[in-house]
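Chains as they are written, first to last, in the numbering used here: chain Y, 1 to 371; chain L, 1 to 371.
Source of the hints: derived by calculation from the structure; they are not laboratory data. Some hints here could point you the wrong way.
Which copy? The list can't say, so a pair holds if one copy fits it or any two copies do.
To be verified - Calculated lysine-lysine pairs in the BS3-like style (CA-CA distance at most 30 Å, straight line): (1) Lys129 - Lys114; (2) Lys364 - Lys44; (3) Lys219 - Lys279; (4) Lys105 - Lys219; (5) Lys44 - Lys105; (6) Lys129 - Lys105; (7) Lys324 - Lys48; (8) Lys105 - Lys228.
Protein chains: 2
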Amino acid sequence: MSRALNFNAGPASLPLAALERARDELLDFEGSGMSVMEHSHRGKVYEKVHHEAVALVAKHLGLTKDWDVLFVQGGASQAFAQLPMNFLPQGKTADYVVTGAWGEKAVSEARAAKSLGVGEVHVAASTEKEKSYVRVPRQDELAITSGAAYLHVTSNETIHGVEYGLDASTPFPTAAAPVIVDMSSDILARRVDASQFGVIYAGAQKNIGPSGVTIVCAKKELVAQGRKDIPAIFQYRTHADNQSLYNTPPTFGIYLVRNVLAWLEGEGGVPAIEERNKKKARLLYDAIDGSGGFYRSPVDPACRSIMNVVWRLPTAELEEAFVKEAEGQKMIGLKGHRSVGGIRASIYNAVEVAWVEALASFMKDFAKRKG
Amino acid sequence: MSRALNFNAGPASLPLAALERARDELLDFEGSGMSVMEHSHRGKVYEKVHHEAVALVAKHLGLTKDWDVLFVQGGASQAFAQLPMNFLPQGKTADYVVTGAWGEKAVSEARAAKSLGVGEVHVAASTEKEKSYVRVPRQDELAITSGAAYLHVTSNETIHGVEYGLDASTPFPTAAAPVIVDMSSDILARRVDASQFGVIYAGAQKNIGPSGVTIVCAKKELVAQGRKDIPAIFQYRTHADNQSLYNTPPTFGIYLVRNVLAWLEGEGGVPAIEERNKKKARLLYDAIDGSGGFYRSPVDPACRSIMNVVWRLPTAELEEAFVKEAEGQKMIGLKGHRSVGGIRASIYNAVEVAWVEALASFMKDFAKRKG
């Protein structure tokens, strides 16, 4: 089998070892004569996998005992509504920092949740500039609401390629209120001090598993304060009280998360993967910056994502030719999001250094021929 | 590999052919050099699978063009809240028929949704009797609300083993309002006239796939009437307008649903599987009724489920011994739900006739030795 060089934005490449493990035991999990997905979620065989996945999330994120780690459903898209339903009571205001399309969507869904008895939404900062986003705001640019319920930020904007907290010049914002962070596209890509947050959430389908699993990590004291008058299924409390086994969880997806995080462990954990991710990002940004202007990154160098590298070519025709030629060399998923155009290479944890080297080399060759 | 005789209530047994297909192409889907779960949900390779799964659901359920077939997340448990959020506006009342634990839960979550701007919930009938349920109500027992938003029923109660519409003596209720039916545990197990319903919904993990996929089929005219002031993610309209690709769907789960429904097609479709299911159910009910009272079905014979066969033994000790001995013979999942005790054999579509024959034979042997 010749493996594609998969630069998809999500669902995305998964570690080959995690997939091989799934294939090898797909029909007979640990000698049980059943697939893991045929096991009851209330049986010992699955429960062991479930709790191992929870423990690996906590370990790799460096979470202390005062955090709940939940596996729920609906992706970040559902969390955009469900988080304010839990943590933004009527009469209160939540602050949102918008640094790209996903932050916009978080604001839009939180505002729509007003009809569900949710409080007010305030945009504390937006770095939108001519319908695009190229940086994160500085702390002194934030209009923080006094007594806010929480402050919401997006650590990495998948479409715009803008990332928070990459170094000392782009720190995550601080606030008196708990900071809720959407880490969908860079969770476990690098070391982050979890203690600065109240909630860390992510769809699994970029860095930690297949689509259909959502990870919500929340400080227990925050979960306990959540609204109680909404249906049980929407209360994070319910899932915390039942160790994410209140209703049937997406068992096979959680099993795959377990496989991916076990692979991460074997690779040396987050510190080692961070080194590799930075090396991969450097290869692409060097190819962009060294192209004499043929490739152009729209993003402020201090905020350039190490997960989603976006760039432009001189014309839309050249961009199209670039994507097409790359596909001919089995490099998949390089077309920028339809809302912004251009090129995007998503280089999540499972994307191999050799693939990125091949892409950088192709970039140089393409620029030489077409530049 | 020796395959377990899997009588789990859900997640449950899946057709071996569907699993083998998944294993064989897990690392390389259709020569793409990627797993199907690594493909973008917006790419042609996955989209083909997605639309094939939608078409197979519609075909096997006999749905006309005026239905939407949606793949969403959260299981029936989320639908219990989300359905009233869409279809029960303030000032209106919805009727619920309760024939077991899942109907109870549907009522409880719909009532809790009142805080989300949802209307009133009225129990039109409940067949609860001494903390159990043994039958479905007759039409003349229903206290239907005039001008109700909808009537909700559970076609098969997984825990209590009570099923609607098995023959002319237990028809589904009729109402002026649309009938919404939770078919989680008997969808596609037998021929049902879909035209009598407004919404048919089901978690996939019993008859059609792994956990983590929820199927909601709804008449288009009903979807169009749904509430518009709630977050987009909760509106079934959103998923209908975007062919269930508004946000990232659980792609691998939907791929498995496709595999299972393609297998069903090859087996002769719903009419053939209905024959087989009835034969399997008859084997077990005959073993119960022919045991001279050693085994006892609590359910009214006209309402005895063909999917979840429940029965009692003379003592709890004998029940425990039964489950333990059966496990020794690789018959898994026979313990009744913790809320009701006893024995339960879930004999969904993928459960093979030979397994049920083995169970019936074991029942006779056990009764002879212990009776």
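For each hint, the structure was consulted:
| no. | hint | in the structure |
| --- | --- | --- |
| 1 | Lys129 - Lys114 | within (28 Å within a copy, 41 Å between copies) |
| 2 | Lys364 - Lys44 | between (53 Å within a copy, 29 Å between copies) |
| 3 | Lys219 - Lys279 | neither (33 Å within a copy, 52 Å between copies) |
| 4 | Lys105 - Lys219 | both (24 Å within a copy, 28 Å between copies) |
| 5 | Lys44 - Lys105 | between (39 Å within a copy, 25 Å between copies) |
| 6 | Lys129 - Lys105 | within (17 Å within a copy, 48 Å between copies) |
| 7 | Lys324 - Lys48 | between (45 Å within a copy, 21 Å between copies) |
| 8 | Lys105 - Lys228 | both (25 Å within a copy, 17 Å between copies) |
Violation of the numbered hints given earlier is confined to hint 3; every other hint is satisfied by the structure.
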